[in-house]
Amino acid sequence: MEDHHDPLLESGLEELLGGVKPPELTEKILQKLSHNLSLNNQASGVNHLGEAVSTESGPQSPNNDILNRPADPVASSSHRVGSGFTNGGFEGQTATRKKRSTKIKWTITAAAICAVVMIVGFMISQLPLSNDPSTASKNNSSNSKTDTNKPNQSKLNSNKTKQPDPDSNQFNSNNPEHKIVNSNQNKEQNHSTTVPPKNNDTTNNNATKIVKQIPSDNSKTAANAIREDKIIAMINQNIHDGWQSAGIKPSARATDEEWCRRVHLAIIGRIPTIDELNRYLKNNQSNKRELLVDKLLNDEQYIEEYSRHFSGLWTNILIGRSGGTQPNSLTNRLALQQYLRRNFQRNIPYDRMVFELVNATGVNHSGTDQTNTAQFNGAVNYLTAKLEDNATQATAHTAQVFLGLQVQCTQCHHHPFNHWKQNQFWELNAFFRQTRSLRTFNAGSRTVKSVRLANEDFPGEGNTPSDAETYYELRNGLLKTAYPVFVDGTKISTSGYLEDVNRREALAYLMVQSDYLPRAMVNRLWEQFFGHGFTHPINDMGPHNPISHPELLETLAKQFKSHRFNVKSLIRWIALSDAYQLSSRMTAANKMDDPALGETPKFSHYYIRQMNPEQLYESLLVATQTENKESNYSQREMTKTRWLKQFTIAFNDNEGGEITLFNGSIPQSLMMLNGPLIRQATKTNNNGFLKQVIQSKTPSTTKINRLYLASIARTPTRSELRAASQLATIRNGKTTEVLEDVWWALLNSNEFILDH
Amino acid sequence: MKQVGSTDTNVNLVQLISQHQVGVWRYLRALGCDVPLAEDLTQETFLAVFQKPFEDYDPAATASYLRTVARNLLITHRRRENPHFEIEDWQQVEQSWLGWVKKDSNAEAMLSALAICVEKLTQRAQLALKLQYTEKKSRSEIAEQLNLTPDGAKNLLQRTKQTLRECISKNLD
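Residue numbers (our numbering), protein chains in the order written: chain A, 1 to 756; chain B, 757 to 929.
Looking at chain A on its own, in the form it has when it is part of the complex:
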């Protein structure tokens, strides 16, 4: 039986049966209010008539004409200038005035300053309101409302006392400081989020009609799609022009061994086996690099590895390495991975994948329940854990990952470096406000059994579903409204009824049709292959962040879109470009091309970087042949996840932040040097690769060669062979031990762990 935790019912029962009755607090509140007001007045040094008063004055005395304070406590609290309160109906008690020991001179100066501020504030308060709430029509909501201040706020802020304002610090952005007037005669007085039936006059003439089309659904390649060889030529030309204008010369081409290893790591996420490497090296065809890329992308034997590699990458991008790994997580990591893996297996167009992720509904766990199984949708796991705190994380993450826009700082203020404004964050956020993560708990516990991602009518924070607004707070404490507006300014219906507009679906369509999407993906994939994108960071594109090759990015993005968002095509163009063939060895002519020093990348040589943890894991398995072939996919992934866990710390902040600590720290070094995976790999009492090499009836030199090829895809140099023979001397000719030592050293070497 599912356990629905119902705090409202619980508290009701405690009141009804437990005898916990609500207290009568009117008197206490009024007393405190009166006390606060009197303190305010004392601080401002004015009396109720706005006259400066001496704070040295003692208790009221008949001879104290300056105070002019009557004995009546009600009159004495009347008309606090600047506080905005009048006496109407206030029945506070006479506040006890405290003695102050400041000098009259300072008192008069402070009083004069306060009086000036209050007079200015009073004058501002007399200005006519720009939006008279009594005549505002809710059904004529226009997007000018985005900039509309709530009435009666701004003029009063200048009248604020010096007391800390609980509003601005404590209220989140959804706190209406003042209720938006509802003068619509037809408004139903129903404030339940079983949202009232909509009126038929909920039209929004300013909304753009959403074109419900995913670009890649058009089965024909677009007319402006150019041939792939021309695209590759265009990339080469563009990069070459960049070298020329920077006055640098590219490095030589990478060796066949280096390139074979590099492209295996990039496309299928592991180093090549010895057999794969030898097959490639023996191929004499002039287009063998092209053939290898096509093979890794399209051959049956590699599809699973390709899809596993890319699904792993995208799982980390979408939910982080720690997503779904904590107890009671709302995310089902394996389900998301499965969804992504199937997408990459079938080479689903990228825009369709984005549409499905952003617009997903359903249950995140198939389980044993028939209903759940029918509604199971792995894609929902992208958003299930991002909807707390009014979906701010969903907003920021979606913009970052799919549009290349970092907007999370504009949640609280305008972007410091670009033109993004705070309202744009909340307008994007408004698209997510019909979405809910509904949890089902295991019977008798608080552990989450499954999560349903669903869309519901959104009543708006002002409880007017036909014009469902959200509120956000400016830094100065003012509240503003926000309605759904896409990043390019496209406005949709402001209604919160699903019948009128499914906001998340509309967002998904707008995203896949925008130019931000292909640009962000091209930038991301370029970075994946080259180590640096056209911008740094890749998810912060904008005028504040210059693009290293703007024309190239633009053209590639257009062609990616024209070729129906085919990810494999994009991979192919990048992998076969001239720049990707270059060696990682810098020369004197291009050593200034070093993005690590802050230079704009020119791609004149391959940028060396560390493998990511997933690549390292897979490469260790391949090199050592220690994989348990009997384990199924899930078991295999769980083993991998456990190994990878040591490298990630999740911040548990509202940005979903985490850092990957795969940086050569001491624990990691120890894990590499002495961890169970390496220990298993360097044992000779199993059927691993090392044992096979040892037992092979080949000369020692050949065995050493095999170890080198298997681990770092090259043969040893002369000095390395010399070192190995010296080792043999030290080990008294015991070949097994020599090979164990060499193998252990290779697996722990920088060259193994680097993508070069």
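Don't take every hint at face value.
[To be verified] Which chain B residues stay away from chain A? Per the calculated CB distances, all over 10 angstroms, these:
{"#": "1", "residue": "L793"}
{"#": "2", "residue": "E837"}
{"#": "3", "residue": "T878"}
{"#": "4", "residue": "Q879"}
{"#": "5", "residue": "S894"}
{"#": "6", "residue": "S896"}
{"#": "7", "residue": "E897"}
{"#": "8", "residue": "L902"}
{"#": "9", "residue": "N903"}
{"#": "10", "residue": "T905"}
{"#": "11", "residue": "D907"}
{"#": "12", "residue": "K926"}
{"#": "13", "residue": "N927"}
[Unchecked claim] Calculated lysine-lysine pairs in the PhoX-like style (CA-CA distance at most 25 angstroms, straight line):
{"#": "14", "chain 1": "A", "residue 1": "K21", "chain 2": "B", "residue 2": "K892"}
{"#": "15", "chain 1": "A", "residue 1": "K568", "chain 2": "B", "residue 2": "K893"}
{"#": "16", "chain 1": "A", "residue 1": "K21", "chain 2": "B", "residue 2": "K893"}
{"#": "17", "chain 1": "A", "residue 1": "K449", "chain 2": "B", "residue 2": "K910"}
It should be emphasised that the hints constitute simulated quantities derived from the structure, not laboratory data. Cβ coordinates follow ideal geometry from the N, Cα and C atoms, glycine included.
Dock chain B against the given chain A, drawing on the hints supplied.
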């Protein structure tokens, strides 16, 4: 449109507090506050709101506003001890509140419906509730008294509360 505190209005602070204080208190209790904290935060809610002139456009809107203020004050209070505190399920509470409380911002109708629904329960179910809420017995004590296993007592309470939910919803519709 009424501005609280203005000389032109008949609405005064007393009326506003009287109208909404119970609702705010009950809402804070539903968010998990104990009685003293709920009392303190209810007071602070009104004090915070009355820092500036307050325009009471609509009772339901005012109630919604006060609930938001109260919730934020609770978060601020809790974050003094735990900077990462978040109210679990506050949206669920808000939805339940709006679903049951409707126009009656003090939830009196809901309480009345609850009382009626409790009367309609079986004797055994009423006894279980009384043991839990009036006598503050633990689950194992309730099980012992009702001659059930602890799981059985838990199931009985769950079913009873589910029945109450359905009954309240029916009564309030």
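Review point. Among all the numbered hints in the text so far, which are the ones the structure does not match?
Key: 11 and 15
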